[in-house]
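Number of protein chains: 2
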Amino acid sequence: MTKKTIFEQIKHKNSFLCLGLDPDVAKMPKHLLDGSDTPIYDFCKSIVDEVQHLCVAVKINTAFFEAYGVDGYTSLARIATYIKAHYPELFLIADAKRGDIGNTSLRYAAAFYDAMPFDAITIAPYMGKDSVEPFLSRQGKHAILLALTSNEGAADFQFQLSADTPLYQHVLRKSQEWKNASRLMYVVGATKADHLSEIRALVPNSFLLVPGVGAQGGSLLEVYKNGANAQVGLLVNSSRSILYASDGKNYPAAALAAATELQQQMAKLLNK
Amino acid sequence: MTKKTIFEQIKHKNSFLCLGLDPDVAKMPKHLLDGSDTPIYDFCKSIVDEVQHLCVAVKINTAFFEAYGVDGYTSLARIATYIKAHYPELFLIADAKRGDIGNTSLRYAAAFYDAMPFDAITIAPYMGKDSVEPFLSRQGKHAILLALTSNEGAADFQFQLSADTPLYQHVLRKSQEWKNASRLMYVVGATKADHLSEIRALVPNSFLLVPGVGAQGGSLLEVYKNGANAQVGLLVNSSRSILYASDGKNYPAAALAAATELQQQMAKLLNK
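Sequence lines, in order, name chains A and B. Just so it is clear: in the first sequence, position 21 is 348 by the numbering used here, and no numbers are missing. Just so it is clear: in the second sequence, position 40 is 367 by the numbering used here, and no numbers are missing.
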């Protein structure tokens, strides 16, 4: 999927919402756990079916599936396949934080682009150029590089100054020199919204995947004001506030209401 | 498994060899591809059975399994389970390069420590403390943090100077302050052997996982001279030179010969 297609979807749906799937059995509606052999798949499917028209992207957190071993991995492949088959217009992201030497990154690209139908994968930048380029060599497939993350540990290394410039800015700048850099996107936590203007100046044409709005405390208005470009260039992720809007039988309606509220806030910003 | 147990195995086997399992169908003996539904599992199992007495650790590169989707992931879980059941004395490493915010890293820990029987997992440090600590909270389980990798892209960020100190040294120093840091190990490429003395000075008591001897050009003697501590503190990985010593029907014998040669070089160094 190209950036142009994502932008068209944003205009069409009046939304730059990315639905995050982090299925946590402990927070899921209890009645789902009794009636099914595949409660995680069922839960994710029902949420996606309910809110897909309000989103332009879905981000699947692979850890929440891998935690359940082969069964979990099977659910991961199954939900990715279901989403791409039924809602091909959704930009499908594997939030997998992979990245390794070149010949190994090629295998991860095969895992997420061939064995599963993802459009993009999140990548840690520590190993540099040859760990990332294998994810960029295909038309319509994107690597989403960690730049500035929303967690506490972000402070440990991402702000280290080198020549008066923090590491995350070196990551942005350097990665723009890599082959097929036009297919790079970046993870920028919403809790770091005050850094978004600098980031946008460094990567004016790249989409930014922004987690941390809602549960983690980031402000949608700040993110939009500091981060939007002419093609919007933002995918704002919400996971918990939609998935766990209710743990009762009314959970699909509650998820719909939560997603609708976010989409309407986004529509207001887009139409200003 | 504790560091003490690993050291005892090193003395017992006169070896600090880590067998790397990066099963590549294109390089595997052709006759294995015809006769089996699970050639990757069969190949890995036969190699492990053949050389296990010469190794103290096995490092499984998860990408080479994930590339084949659910079937590949099933083989990953199956080979890990086989190794731990038959050779419990082998230190079993998932070379998975994971790492995410705390509640997600907890899930990856469950994936590799609970759903599969790994003793350790490799982790990218970019997201800092809370992305790593969930892998350190269990007795006998270890996180192996990327410090200085053997690939070309290592130059992009790992050598960035901050206060005259390269990033990889900040990673070593900072991570030693984290909770349960005694369970941290580090990845240091053998191609960077000239940096090993500095690294050893910063983390005198940590095991170092060293890939890159052999196919990638690192020298075992240099690695030992600069990197060994009183408990040896080294796990030197070899993948390709053992796995693909032959692509004919004699591949187990060829793998045995290649592993024996490495083990004997190690025995010489250990007994000097």
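Please keep in mind that the hints were generated in silico from the structure rather than gathered at the bench. Honestly, I wouldn't trust all of these hints.
[What the hints assert, rightly or not] List time: in silico DSS-like cross-link candidates among lysine-lysine, alpha-carbon distance up to 30 Å:
hint : chain 1 : residue 1 : chain 2 : residue 2
1    : B       : K599      : B       : K340
2    : B       : K576      : B       : K372
3    : A       : K331      : A       : K599
4    : A       : K456      : A       : K501
5    : A       : K501      : B       : K354
6    : A       : K354      : B       : K595
7    : B       : K354      : A       : K468
8    : A       : K354      : B       : K506
9    : B       : K354      : B       : K330
10   : A       : K501      : A       : K354
11   : B       : K456      : A       : K354
12   : A       : K338      : A       : K411
13   : B       : K599      : A       : K456
14   : A       : K411      : A       : K506
15   : B       : K372      : A       : K456
16   : A       : K456      : B       : K576
17   : B       : K595      : A       : K501
18   : B       : K330      : B       : K576
19   : A       : K576      : A       : K331
20   : B       : K506      : B       : K576
21   : B       : K599      : A       : K506
22   : B       : K372      : B       : K468
23   : A       : K330      : A       : K576
Quick rundown of the hints versus the structure:
no.	hint	in the structure
1	K599(B) - K340(B)	holds, 16 Å
2	K576(B) - K372(B)	holds, 15 Å
3	K331(A) - K599(A)	holds, 21 Å
4	K456(A) - K501(A)	holds, 9 Å
5	K501(A) - K354(B)	violated, 34 Å
6	K354(A) - K595(B)	violated, 56 Å
7	K354(B) - K468(A)	holds, 27 Å
8	K354(A) - K506(B)	holds, 28 Å
9	K354(B) - K330(B)	violated, 34 Å
10	K501(A) - K354(A)	violated, 40 Å
11	K456(B) - K354(A)	holds, 25 Å
12	K338(A) - K411(A)	holds, 20 Å
13	K599(B) - K456(A)	violated, 40 Å
14	K411(A) - K506(A)	holds, 27 Å
15	K372(B) - K456(A)	violated, 34 Å
16	K456(A) - K576(B)	violated, 38 Å
17	K595(B) - K501(A)	violated, 44 Å
18	K330(B) - K576(B)	violated, 37 Å
19	K576(A) - K331(A)	violated, 38 Å
20	K506(B) - K576(B)	violated, 49 Å
21	K599(B) - K506(A)	violated, 48 Å
22	K372(B) - K468(B)	holds, 23 Å
23	K330(A) - K576(A)	violated, 37 Å
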